[in-house]
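Visitor: Protein chains in written order, with this note's numbering: chain H, 1 to 335; chain Z, 1 to 335.
Since the hints were derived computationally from the structure, they do not count as laboratory data. Hints may be right or wrong, so weigh each one.
Since the list gives no way to pick one copy over another, a pair counts as held whenever it fits inside one copy or between any two copies.
[Claimed, not checked] Straight line, CA to CA, 27 Å or less: simulated DSSO-like cross-link-like pairs of lysine-lysine:
1. K40 with K228
2. K93 with K307
3. K260 with K330
4. K66 with K304
5. K109 with K66
6. K93 with K308
7. K307 with K41
8. K48 with K330
These are the residues of each chain, in order.
2 protein chains.
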Amino acid sequence: MERTKKMATIRDVASEAGVSVATVSRVLNGKGYVHEDTLKKVQQAIKKLNYSPNEVARSLFKRKSKLVGLLLPDITNPFFPELARGVEDELQKQGFRLLFGNSDENPEKEQAYIDTFLQNQVVGMISATQTSGLHKGEPHVIPTVLLDRTHGGNYTVYADGREGGRIAARELISRGSHNITLLKGPGNISPVQDRFLGAVEVLAGANVDFHVIQMASLTYEEAEQRAKELFSHYPGTDGILASNDMTAAAVLHEALRIGKSIPDEVQIIGFDDIPMSRLLFPALSTIRQPVYEMGKQAAQLLLKLIKKEQVTEQNIQLPVTFVERNTTRKVKRDG
Amino acid sequence: MERTKKMATIRDVASEAGVSVATVSRVLNGKGYVHEDTLKKVQQAIKKLNYSPNEVARSLFKRKSKLVGLLLPDITNPFFPELARGVEDELQKQGFRLLFGNSDENPEKEQAYIDTFLQNQVVGMISATQTSGLHKGEPHVIPTVLLDRTHGGNYTVYADGREGGRIAARELISRGSHNITLLKGPGNISPVQDRFLGAVEVLAGANVDFHVIQMASLTYEEAEQRAKELFSHYPGTDGILASNDMTAAAVLHEALRIGKSIPDEVQIIGFDDIPMSRLLFPALSTIRQPVYEMGKQAAQLLLKLIKKEQVTEQNIQLPVTFVERNTTRKVKRDG
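Generate the whole structure from the sequences, applying the supplied hints.
Guide: See below:
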């Protein structure tokens with residue numbers, strides 16, 4: 001419906017509602033506390049005058065918000081909260097705020113969160129999930145950085161999982177394991193696949209037996225189940241490469257429960273170095289991902305894209321390191 | 001500046017930009033993918049015609065969004081992601097979406113997230129933090145439920161921490177501990193204070209020695225530090241009540257490291273029952289909070305407030321239970 005009329009200003013609204021311009025502004029911006037009665041008065045005045053707050057409308061297409069959306073696949077895995085902290089701290093420092101979404105490894109929830117982010121005018125997104133939409137190379141409406149689970153995106157930050165797998169396998173072998181079992185995570189998760197391939201690369205060239213147990217998920221329940229199967233299916237196992245620290249914790253528990261001496265009879269190496277790893281007993285040897293740093297660098301890369309600054313490195317790969325604790329034996333040194 | 005002019009419609013914008021009304025709508029709602037060139041054309045048309053999308057302005061004060069804000073104090077403590085899952089699943093079921101904020105136990109970050117939530121027109125908030133503003137009884141602009149860290153708010157959901165403390169103390173005593181050390185969390189966190197007071201209530205009436213170690217925070221670093229001090233300051237300790245499972249894990253690690261036999265020499269009881277508790281070895285005996293259920297009920301209560309449905313119970317207290325695992329001895333049964 002088109003009509004010709006004088007447009008109301010914020011002063012008209014304040015006058016009609018009998019409040020200050022500042023109060024109307026607080027209502028419009030949803031910022032600061034406004035008494036419920038006052039809120040109603042202002043709303044009625046806005047309605048009556050058909051007031052249209054142009055500054056708000058403008059921000060809609062100028063996309064001036066300082067919000068960034070972060071998609072995580074599963075916040076109950078301690079790796080992801082740590083990743084989020086790295087992202088959050090960096091954004092905070094540069095005056096941006098974070099909206100989290102937890103997809104729970106569910107593509108529909110993922111898409112729902114992306115919609116929510118866009119509806120709320122985020123200026124950029126960081127995704128640690130496998131969203132089909134984000135990974136198909138579709139032109140994104142807003143700058144997007146893929147983090148950890150990168151699947152060959154345009155702008156990515158990830159750790160060198162392939163090398164991590166190689167290091168883990170070499171450490172087990174050099175410390176005397178001959179019969180190695182790999183707990184392999186879901187094949188559609190790129191970093192999990194990378195670390196597996198790295199390990200197999202080394203194992204295939206070494207003089208050792210090895211077995212692969214495939215996991216359909218990275219849940220606590222499945223980790224416990226597979227840990228139990230491991231020692232009944234492969235009782236000769238003297239070295240275990242777990243797909244992450246949570247799985248390694250389940251394996252360590254089961255090994256101790258059935259009376260294995262760790263690391264004398266069985267060595268275990270995890271992946272990630274989540275905070276709980278050093279609280280296990282024996283403390284877990286693991287491949288450390290610089291998870292906080294990964295989050296931080298993803299935020300820095302995204303902010304460069306948002307501010308249209310020059311990006312020299314589109315795909316940032318960070319190194320991993322072996323953290324020697326007590327689920328691996330000390331290296332025998334010759335001479 | 002006031003002026004008289006014909007107001008542009010969404011059709012005018014579509015026509016000016018040479019795109020469909022649906023495309024303009026997608027741009028305005030930030031929903032769905034729009035090619036960057038198209039986006040620019042639409043933005044230019046909006047600018048040229050000074051188009052003001054009334055439906056967006058309206059939603060601003062009618063607060064019709066389906067977003068709920070959730071404030072957590074520290075997502076690296078596994079208790080909170082689990083709590084968040086309970087909230088999220090229930091909201092999802094009822095067609096609402098969640099925006100997370102992690103305050104990192106920092107009041108300024110807390111306030112910044114509350115502002116962000118309000119700016120983004122959340123229709124309600126759930127807070128598991130100690131925000132001064134939310135707890136001072138100020139009239140809230142939007143419905144708010146306090147979860148876990150409730151501090152006597154108007155609408156609250158929490159577990160019976162006081163009884164949890166009592167149960168934990170009774171279990172230690174009935175299983176033979178005589179020299180008990182309590183690791184007490186920060187006094188400004190209400191559930192932590194409750195469980196401490198419950199335990200002291202029982203210990204004070206029992207024929208046992210006990211010691212209190214005060215923690216200034218609930219971080220991994222402090223848990224490890226205090227665990228080390230515990231056995232040097234109170235070497236005679238034969239029973240430990242930890243303020244949460246993370247702290248209990250640090251204590252268990254230290255006890256095993258210095259060669260204590262668990263549970264024969266020292267019994268340990270945690271609090272929360274985080275997923276990792278059962279993966280520790282020996283698996284941790286603990287007081288279980290129905291954390292997922294707490295999140296779910298907080299979401300249900302909030303949605304009743306949002307929909308202005310009748311609320312029969314403003315303050316919902318859920319029961320806790322003792323989970324007997326292997327850091328406590330089996331009860332001696334007489335006869």
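Visitor: It remains to establish, for every hint, whether it holds in the given structure.
Guide: We went through each hint and held it up to the structure:
1. In the homo-oligomer, the alpha carbons of K40 and K228 never lie at most 27 Å apart, since the shortest distance is 61 Å inside one protomer and 57 Å across protomers.
2. When the C-alpha separation of K93 and K307 is checked against a cutoff of 27 Å, the pair qualifies only within one copy, where the shortest distance is 15 Å, while the shortest distance between copies is 37 Å.
3. For a Cα distance limit of 27 Å, the shortest separation of K260 from K330 qualifies both inside one copy, at 18 Å, and across copies, at 24 Å.
4. Taking the shortest alpha-carbon separations for K66 and K304, only the intra-copy value of 14 Å comes in at or below 27 Å, while the best inter-copy value is 31 Å.
5. Taking CA atoms no more than 27 Å apart as the test, K109 paired with K66 passes in both settings, with 24 Å inside one copy and 15 Å between copies.
6. Proximity of K93 to K308 under the C-alpha cut-off of 27 Å is restricted to the intra-copy arrangement: shortest distance 18 Å within a copy versus 39 Å between copies.
7. In this homomeric assembly, K307 and K41 come within 27 Å of each other (Cα to Cα) only across copies, at 21 Å, whereas the closest approach inside a single copy is 40 Å.
8. Taking identical chains as interchangeable, the C-alpha atoms of K48 and K330 are never at most 27 Å apart, the minima being 78 Å within one chain and 72 Å between chains.
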